[in-house]
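Chain order of the listed sequences is B and W. Start counting the first sequence at 0; every next residue gets the next number (numbering that gives the first Met the number 0). Start counting the second sequence at 0; every next residue gets the next number (numbering that gives the first Met the number 0).
Be a bit skeptical, because a hint or two may be false.
Claimed, not checked - Among chain W residues calculated to face chain B with C-beta under 8 Å, some are:
| id | residue |
| --- | --- |
| 1 | D62 |
| 2 | N383 |
| 3 | G392 |
What the hints contain is simulated information worked out from the structure, not anything from laboratory work. Since the model is a prediction, treat every value here as computed from it, not as a measurement. We put the CB at the ideal spot given by N, CA and C, even for glycine.
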Amino acid sequence: MTLKKDSEIEAVLQELEKPEQIESMHYLVKKLPELTAAIQSVEEKIEFISYTLHDKKSLTNLVNQVEEKVESLHLTKEHLETIITMMQMLPRLVQLLGKAEELLLFVQNVITDSQSVEYALKCFKDIVPMEKGLHIIKETNERFKNEKDTSHVSLLRMYRLLKNPAVQNGFKYLEALLEVINKQSK
Amino acid sequence: MATMFQTTVAVVGAGSAGISIAARLVRKAPSLKDKVVIIDPSDKHYYQPLWTLVGGGAADVEDSVRDQETLIPEGVKWLKESAEKFLPEKNTVMTKEGTRVLYEYLVVATGVEIYWDKIKGLKETIGKNGVCSNYSYQYVQSTWENIRNFNGGTAIFTQPSTQVKCGGAPQKIMYLADDYFRQSGVRDNTKIIFASGLPNIFAVKRYADTLEKVIERKGIETKYRVDLVEIDGNRKKAAFQHLDTNETFTLNYDMIHVTPPMGPHEFIAKSPIADQDGWVDVDQYTLRHKKYKNIFGAGDCTNLPTSKTGAAIRKQAPVVVENLLALMNGKEMRAKYDGYTSCPLVTGYNKLVLAEFDYNKNPQESFPIDQSKERMSMYLMKKNLLPIMYWNGMLKGLM
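Whenever a hint applies, use it, and build me the whole structure from the sequences.
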């Protein structure tokens, strides 16, 4: 047993004889005043916390001040519950906010990208053939303006107009509509 | 003179995958600004899904192209050179121009290569003699020229047995052509043949069922497991080889739309990052390279067992970014790619079947409607919305 202890001590001594150990010891001895000062400082802080915890008057004052501040906010139990609920929802909210940010940036990119805006307008015109309709109205307006026809519309002219396929179709549609109305009203 | 370029993340390829991954990286990790470099020599960036509609005369080719410099994300550097050699043991990519790019992390997104010269006579006759293809910005308009000026006869549409970008595209243009031939009154004296290297019309049964009906309704003749091997433009003859019997046969045509064979780029196939078939060898879920742990791959250049589409890339990009950032920060890589891919199968003007599925060929549909039906709403989405979403959402790392 003693032999084992001796060999252990010997091993420690051998270890201490190593240059890196000597170097470390030297460093520690040199730093000793700083280390002592640091330990003293920690001790003082622990003592301060200990005194404060025993100083009921100061603690009561502090708690009262906090309570006054909280009261001035008129926070109710509902507020606290809501805060907790909100905290629970935060992971999901952050995800949704991320998506909303992406969507916002996408919209921003589209409206500032003239090529995309142009493309979208072109596609819109393909789906809704507005140009055709506009073109018809524009040409009609121009013709009406340019012809400046002051003559009366004669019966013969009206007869000719009645023979126009578009008007004929209109009448046929009207006829069918009247038939349906008549049938429904019976 | 050889130069050296040092960076945190190098992204090889400025296509759909490369740009959206780089954009996402700097958006998710602002500290990576100016520490990501994209290596790609192309001046132009093409939105290739629009080429089906361009070939069918329903869209303008100019709407499918933008200057690359307008798309490089803010805070990302662009090395306008061609990657030539991967030295993953040295964390280095060499360019043709002689630059050594030294990286900490690498993303490979080089896309797929089109083998125009694997079909004898194709290069000499493409764009003329009734031969056209939607698979190139240069020739896509020749498809519309052929369809518009077709006066009846035999129209052949081919699909090779190799993997291609957007596996549905070879048949989409055929459906548009059929629609146009009916409108122009030549369909009655026209024979349409779909000659495909694949064993069926579509790999997913749910959508194949619909497409079989479309084929029947349109009166299209199908020939499966045949590859186009030669074109004689002057005599308007196309030679095919049956993949099971190796027998060859010749068909006369009046117009032929060719989908050329495709495969990995040679510089990838010969590199240590490739698998035995030449694709970048990545884990199918994490998208990290199986051997080199600081390398990721995305898009058409990888060996992911799914259809090579832009929609697949849209789902791969966030996985690469999330896992790459996790790796950088010493965290567990949690993001997983499930093989999602999508193919908007145009079946006519104003009609589309939106196929969406995963690795297991299970439908992964985005809308609460039966997407296996031909729908106008889906066609309008493809034509009008998807290009805008691509330029302003996907390439900005937002969707």
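Hint-by-hint comparison with the structure:
1. Restraint check, D62 (chain W) versus chain B: the minimum CB separation of about 6 Å is within 8 Å; hint holds.
2. Proximity of N383 (chain W) to chain B holds as hinted, the smallest CB-CB distance being about 4 Å (cut-off 8 Å).
3. A distance limit of 8 Å between C-beta atoms decides the matter here; for G392 (chain W) the minimum to chain B is near 5 Å, and the interface restraint holds.
Hint compliance for this structure: no hint is broken.
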